[in-house]
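Asker: Produce the complete structure using the sequences and hints provided.
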Amino acid sequence: MDSPPGSEPIDDDEILYRRVPAKPPFWDPTATPPLSPEAFKPRVDDTSGLSLGRARYVTPEGEAGKGQGPGYHIAVVRAGDLRRLGLTVVPRPLEDDPGHAEITEIRYDTRRTTEEERLRICSELKPEVLGPFPGKSAGKTP
Amino acid sequence: MNNTIEETRIEPSLRTRGAEAGSLGTVLYRTDAVRMAWESVIDRWLIEWGRSPGLVSQYGLVPATPDIVVLAVKVARACAEVGLAPPQRVLPDGEGGILFERGEGDVFEALSILADGRIELKSFKNSKLVSEGPLSLVESV
Numbered sequence: 001m002d003s004p005p006g007s008e009p010i011d012d013d014e015i016l017y018r019r020v021p022a023k024p025p026f027w028d029p030t031a032t033p034p035l036s037p038e039a040f041k042p043r044v045d046d047t048s049g050l051s052l053g054r055a056r057y058v059t060p061e062g063e064a065g066k067g068q069g070p071g072y073h074i075a076v077v078r079a080g081d082l083r084r085l086g087l088t089v090v091p092r093p094l095e096d097d098p099g100h101a102e103i104t105e106i107r108y109d110t111r112r113t114t115e116e117e118r119l120r121i122c123s124e125l126k127p128e129v130l131g132p133f134p135g136k137s138a139g140k141t142p
Numbered sequence: 001m002n003n004t005i006e007e008t009r010i011e012p013s014l015r016t017r018g019a020e021a022g023s024l025g026t027v028l029y030r031t032d033a034v035r036m037a038w039e040s041v042i043d044r045w046l047i048e049w050g051r052s053p054g055l056v057s058q059y060g061l062v063p064a065t066p067d068i069v070v071l072a073v074k075v076a077r078a079c080a081e082v083g084l085a086p087p088q089r090v091l092p093d094g095e096g097g098i099l100f101e102r103g104e105g106d107v108f109e110a111l112s113i114l115a116d117g118r119i120e121l122k123s124f125k126n127s128k129l130v131s132e133g134p135l136s137l138v139e140s141v
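Protein sequence lines, in the order shown, are assigned to chains A and B. For the first sequence, our numbering begins at 1 and goes up steadily by one. For the second sequence, our numbering begins at 1 and goes up steadily by one.
Accuracy of the hints is not assured; some may be wrong.
[Unchecked claim] As a list, the in silico DSS-like pairs of lysine-lysine whose alpha-carbon atoms are at most 25 Å apart:
#1 128(B) to 136(A)
#2 136(A) to 125(B)
#3 128(B) to 126(A)
#4 122(B) to 126(A)
[Stated by the list, open to error] Have a look at the derived ranges for each label pair, beta carbon to beta carbon:
#5 83(B) to 13(A): 46 to 54 Å
#6 48(A) to 83(B): 17 to 25 Å
#7 61(A) to 138(B): 23 to 31 Å
#8 130(B) to 109(A): 32 to 40 Å
#9 126(B) to 47(A): 29 to 37 Å
[Unchecked claim] If we take Cβ atoms under 7 Å as the criterion, some of the chain A residues that face chain B in the derived model are:
#10 81
#11 110
#12 113
#13 120
#14 125
For the record, the hints were derived by calculation from the structure and aren't laboratory data. This structure is a prediction, so every number in the text was calculated from the model and none was measured. We treat Cβ as the ideally placed atom computed from N, Cα and C, and that holds for glycine.
Answerer: Structure representation (structure tokens):
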């Protein structure tokens, strides 16, 4: 029986995307670091890990389009770089999102104890940031 | 909203260890440029979020209440009065609070106005937390 799409292991060289709200300024190239650690802060529904998108399954535009807000930047990270920081990156395919993956240590219940890890991602890995690209509510008045 | 800066001051109950000059947690100097930078924070972000919390909630983030926005404005003005370095970035923390962030070299600091009204300052050096503690906003009667 074939494994469901998205369940194959994530290689170290695999590229992953993190969706980051375009406003407020989570990303500011004039700030230090340019990408805020808040961009990797888990939200209330990140119960098993911080959500990422696998580039082999989704484009940056497609990853942004999954977000409920009007626009998103996409932070680009490499799985092996996250693992070098001691983080665990696993596939977690969803029915409507086979490219869904997670950083298992960064969860809503650990949001206050993983600040250093989130800062290391932004300060040491210095993710490339793409976009902004439209989200689901692009063009709508908040 | 209190426009009399002299009536509020911020007193750090914790002196950050290892904080570099010019960081959030150390006194810079009281200049018009510093005050203007903090006023820019207020005008550009805090007032806008206070008027339109939907700008934050549209991303699924919990916006700050008007009371927290007012508190953040007071904190910003008190920081300007003391001469603390202005933040490079102002963000919602996604849980009803507001965050002022500043980094320089290998030092990163985050001043949080939390949803419950507490004010905290955290300092990191080489991504390691080196100090954290509450700040007190003292208002004259």
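Asker: The structure should be examined with respect to each hint, and the outcome stated for every one.
Answerer: Results for each hint:
| no. | hint | in the structure |
| --- | --- | --- |
| 1 | 128(B) to 136(A) | violated, 37 Å |
| 2 | 136(A) to 125(B) | violated, 38 Å |
| 3 | 128(B) to 126(A) | holds, 16 Å |
| 4 | 122(B) to 126(A) | holds, 21 Å |
| 5 | 83(B) to 13(A): 46 to 54 Å | holds, 48 Å |
| 6 | 48(A) to 83(B): 17 to 25 Å | violated, 45 Å |
| 7 | 61(A) to 138(B): 23 to 31 Å | violated, 50 Å |
| 8 | 130(B) to 109(A): 32 to 40 Å | violated, 25 Å |
| 9 | 126(B) to 47(A): 29 to 37 Å | holds, 30 Å |
| 10 | 81 | violated, 14 Å |
| 11 | 110 | violated, 14 Å |
| 12 | 113 | violated, 10 Å |
| 13 | 120 | holds, 5 Å |
| 14 | 125 | violated, 11 Å |
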